[in-house]
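Asks: Protein sequence lines, in the order shown, are assigned to chains A and B. Numbers given in my numbering equal positions in the first sequence, counted from 1, plus 557. Numbers given in my numbering equal positions in the second sequence, counted from 1, plus 557.
Just so you know, the hints here were simulated from the structure itself, not pulled from any lab data. Keep in mind that this is a model prediction, so the values were computed, not measured. None of the hints are false.
Which copy is meant is left open, so a pair is good if it fits within one copy or across any two.
Straight-line distance between alpha carbons at most 30 Å, and here's what the computed DSBU-like set of lysine-lysine pairs gives:
{"id": "1", "residue 1": "Lys815", "residue 2": "Lys770"}
{"id": "2", "residue 1": "Lys709", "residue 2": "Lys815"}
{"id": "3", "residue 1": "Lys815", "residue 2": "Lys843"}
{"id": "4", "residue 1": "Lys771", "residue 2": "Lys815"}
{"id": "5", "residue 1": "Lys843", "residue 2": "Lys709"}
{"id": "6", "residue 1": "Lys815", "residue 2": "Lys769"}
{"id": "7", "residue 1": "Lys843", "residue 2": "Lys771"}
{"id": "8", "residue 1": "Lys815", "residue 2": "Lys841"}
{"id": "9", "residue 1": "Lys771", "residue 2": "Lys841"}
Protein chains: 2
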Amino acid sequence: MAFLSVLTPVFVAVLCVMIGLIFINSRKTDRVPRPETKGGSKVESRPWVDQDLQDDTEITPRDEDDDWADSNEEEDLPHVPYSPPRYPVERMLERSQDFYSVMNQRRSVRFISSEPVPRDVIDNVIRTAGTAPSGAHTEPWTFVVVSDPETKHQIRLIVEEEEEVNYRQRMGDKWVNDLARLRTNWIKEYLDVAPYLLLIFKQTYGILPNGKKKTHYYNEISVSISCGILLAALQNVGLVTVTSTPLNCGPQLRLLLKRPANEKLLMLLPVGYPASDATVPDLKRKPLDDIIVRV
Amino acid sequence: MAFLSVLTPVFVAVLCVMIGLIFINSRKTDRVPRPETKGGSKVESRPWVDQDLQDDTEITPRDEDDDWADSNEEEDLPHVPYSPPRYPVERMLERSQDFYSVMNQRRSVRFISSEPVPRDVIDNVIRTAGTAPSGAHTEPWTFVVVSDPETKHQIRLIVEEEEEVNYRQRMGDKWVNDLARLRTNWIKEYLDVAPYLLLIFKQTYGILPNGKKKTHYYNEISVSISCGILLAALQNVGLVTVTSTPLNCGPQLRLLLKRPANEKLLMLLPVGYPASDATVPDLKRKPLDDIIVRV
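Here chain A stands alone, though its shape is the one from the complex (with noise of 0.2 Å):
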């Protein structure tokens, strides 16, 4: 007990810097980003919902734009008529079939051509994706078009870079030795090849007048959106691609097209006519009844 006694102010001590470090702690975990308040903008706990129901989708900022059509920038626009084209009940058929017989022929091609393709084309195809909705209409894309071989190069090298890392770290042991096959995954050639490197960014917030930072709230969900019509743009002139989301070479690629800080890179896609010889896994789709619920 009097050896317990000595040691009294050194427990005190210890428990001081527990706390401290308890402090710390919890102060670390308020700073984590939760998923959907990547702004990091307040978050109110909703009372209404049972525990049992919380999931991680339930944490979200409550803003403006739930409704995409809702937000007080457009309130405050008049309104005018909107009418756009009617097709009968047989041509709409025939227009939902065509279209999606166009779609399924899409695959995603890593066996591009080295052809030049029309810069009138893929104007057309980026002002299309510009036409995608976007959370209280920001806009939040960026497509950078890369088509200076040097440039192509350099992206490559830092794509490859991490890739590599990517193939050596993940397999481990097991492949240590199988190089000749780790290869081929990691070289990505048809970067120097395809004619086109469609960098698409994200907005992640805009600058107001004033200078402030405005939150772009769902600008990932909206740019993705823009890129699922870029790819229905590609297919539709013939124009093949392969979806990729190199995100941990989002900083260096940013820096090398010199994008500014609030811009963060989504995805990477080559553009080109596929090679005459490409070819694509054999995969198949889901079938409808696998995907649709009808209620």
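Since chain A is already given, all that's left is putting chain B on it; use the hints.
Replies: What follows is chain B alone, placed relative to chain A:
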């Protein structure tokens, strides 16, 4: 000192509790999913990148689906020749212009006609959405097509309840007496009126044959791309919608529609013909030069 030595066992006890708390706290921190790693997968710290290059897109799972055509599943499949239709340059230009013209007429429309829409057209639209690429070809989407009036009404009640809370809370005192104006915002008549409501769920993980969970990386991006193609398919047949992301209603709507726990609501799209007196805000889109960067 004697007083303190009496308290020593208390300090020891407190110390144990503190250590326990720190342990729990640090585990909690680990369990908070980071952006881009919603599946809570292992994240490697990467030493190669300078601290000042770090941004929130950096921390991402290293997995085989960085390049969406590179998955191991695909590697094991036989390759088949791929030769999509090839158009002459003039025809490409024409097709790219025509598709842009169609898509550029798309607007988010909240005034939807109750007129019935052929179910086969909706089926083709969803088939088309199902042609989207996805990380490791997981096809992580479920399209719930609601035409049952009672279910549509239940959906409306859930969404409006959320919206009302939202509007009341965020607008606060400034608008508290202006209920007439508020009312126009949280009332979503189109949820009853539109012949179809499409609720698009992302499958955050799959179930392997052995019963274990398989994280679907990039499921949100994949499903958003699919939604972009879906919006293109709707526009192509002259139907309208408004893109909404009612994430706070997700769990209630998921239970209403009896979807499993691995599915999270990403979007809700009311679909139909535009009402004869439909209007849209007089928005402009950014010109090409504001969204494209040529290198």
